[in-house]
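Since the structure of chain A is provided, determine the placement of chain B on it from the hints.
Heads up: the protein sequence lines correspond to chains A and B, in order.
According to this note's numbering, the first sequence is numbered sequentially starting from -11.
According to this note's numbering, the second sequence is numbered sequentially starting from 52.
Hints were generated in silico from the structure; no laboratory data involved.
Incorrect hints may appear among the rest.
[Stated by the list, open to error] Not everything, but these chain B residues come out facing chain A in the computed CB check (under 7 Å): (1) R75; (2) I78; (3) Y149; (4) T322; (5) D360.
Where is the CB? At the ideal position from N, CA and C, for every residue including glycine.
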Amino acid sequence: MSREKLKQLCLELPLFPVTSVGSFPKPDYLTAARRDFQKGKITAEELRKLEEKATTFWIKKQEELGVDVLVDGEQYRGDMVAYFAEKLPGFQTGGLVRSYGNRYYRKPIIVGEVKWEKPITVDWWRFAQGKTAKPVKGMLTGPYTVMDWSFNEHYPDRQATCLALAQMVRQEVEALIKASCKIIQVDEPALSVRPEELPVALEALHVVMDGLPAYFITHACYGAFENIYPKMLEAPVDNFDLEMSNSGLDMLALFRQNPFTKDLSFGVVDSHSHVVEDLPTVSQRLQQALQVLPKEAVWLDPDCGLKTRTVDEALGKLRVIVEAAKGARSQLAPTAPRP
Amino acid sequence: MKLLLANTGSYPRIGDSPELQLLRRTIAAHDRGEATPESLHAVEGVLTKAALKDQEEAGLDLVTDGQIRWPDPISHLAGKLAGIEINGLLRYFDTNFYFRQPVAKADIKRQDGPLVLSEHEFARTHATKPVKPVLTGPLTLARHTIVEHAPYKQLEPLVRAYAQALAPEIDALAKAGAEVIQLDEPALLKNPRDFSILQRALLLLSKHRGKAKLALYLYFGDPQPLYERLQQLPVDILGLDFTYNPKFIERVVSAGSQKPLGLGLVDARNTRLEDPAAVAHQINRILLRVKGEFCYLNPSCGLEYLPRDRAQAKLKLLAEIRTRTKAGAK
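This is chain A alone, in the form it adopts within the complex (with noise of 0.2 Å):
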């Protein structure tokens, strides 16, 4: 049914797209400047400059390795709910928090109603698309994510404060979608966290996409996945992007319980380990996974965003999916939509 719906979007993807979930590592000087831009000591253009070079480069990459739906690497973001916080009226920088160890970071506050008073992720995407033939993803946090991210001093409850965001998300996502974006990914790593809130966080994504002609995808991550699948399907999105790998593939006993019937962007490398697995680790990978899904459905991605690896580390993780898509479509042939 997604093909079908790529094709009403005339997006031609072969079979397994290759794509990554986000985040891409800043290289050596950039980190340096968006120190430097901190402490005053250089401009937002200067900054902005090497934002530019720094994302033209993963674009360019991505394409060398032959990744399928490129993303712009958020080389001019921080933290995925910060980034958005500080763009919209009524957040406030929050003060430190820890968030393991001896890791600590800013947690946003919701003091006032939260406003979308012009795009905040558009100028980014036009950029990324600019440099490419290959459609770029639109990348956004989710509601449900942002709100359990977030301290809220301004509305009654984490419903109204999710339901109220998820109006804010949907006007980003009409931006990027008349700016001619067509796959959009809305981030939520947070899911799982209180199953009991499943169906807000639902009741927030179909705010943020029903109706609205794009391919989404939701990615989440880290969660305790058992406790809301397959509850988790009534989500309005066309692909789920998950993390399988860290996990020993684990979810796929679940999609043998109840099928999985999204499409799938299943995390073939661990994000998280400095080691690059082998292509027939990451073959293997995937012939387990269309044990229980049709190929149709199965998009090829890491775990999760590559920001916390090296360029090297990354680089070699995206080249052996690459390679492990192309030795699969090299034996299978694509066959009809299913039923």
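Frame of chain A, contents of chain B only:
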């Protein structure tokens, strides 16, 4: 009926000022081999004293050491036991905080040295108020452990092993003069079927409490489905999180409590400050229904999920709420 103010456990170890960044800088230097374990220990002491000072200045009656020395609620205890190795990161309940997961590889046993006794003694030395030691309970430790040791394939032997490792610590803390010893068992709310297993473990632990009162604290979930059964547990105080279910107050008011309660009515997971008058009104209703001479008003869980300035504001709010209750007005 007295209403005492207490902290629930952790306290932020970082703030925006340079002196409140000292621990982060020292840990980083230690990891690079540029600071000694002794200097790190000393800095942990400095931040512990700062946490105690904030609590005392806010007017708390029962303080904690802020768990400043804890990398997380699981590995700080499990990592000191034989038979355990520490693995990678995993999300802690529904927080944005990650803990390191223990792997049980062999029989779990205590090694030389205490788990938290020396930390407690340090805090006592520097506090002007009674200090409450806090331990993560055996069920929560077990529920977050990867089992690679056949005898622990079933949950109960693993819970029992952790309980046996914690028992001497409770004994030592009681002998050191702790008036209240807190056991945190958030895992029970997520796994209510473990109730009987926890009950048996608590029976073992409660025998070691000496003259100390044993407080069981449950958070990160709605205690309502278990509320009546919780009254049967062999503990002296029940600490409950009221933030997950706004109707839970009504259950407590209607059913009452045979035990003193730790009232987790101030949300330690959100920066919004509660209306003191509204909270005081609910406390007045609850206190009428509690048997005993005292209850605690405390944050719903540890405060380190908040930025430091907001954690401080929540502590001050506890005192503000108390002045508006009938118990506080007396």
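Here is what the structure says about each hint:
no. : hint : in the structure
1   : R75  : holds (6 Å)
2   : I78  : holds (4 Å)
3   : Y149 : holds (4 Å)
4   : T322 : holds (4 Å)
5   : D360 : holds (6 Å)
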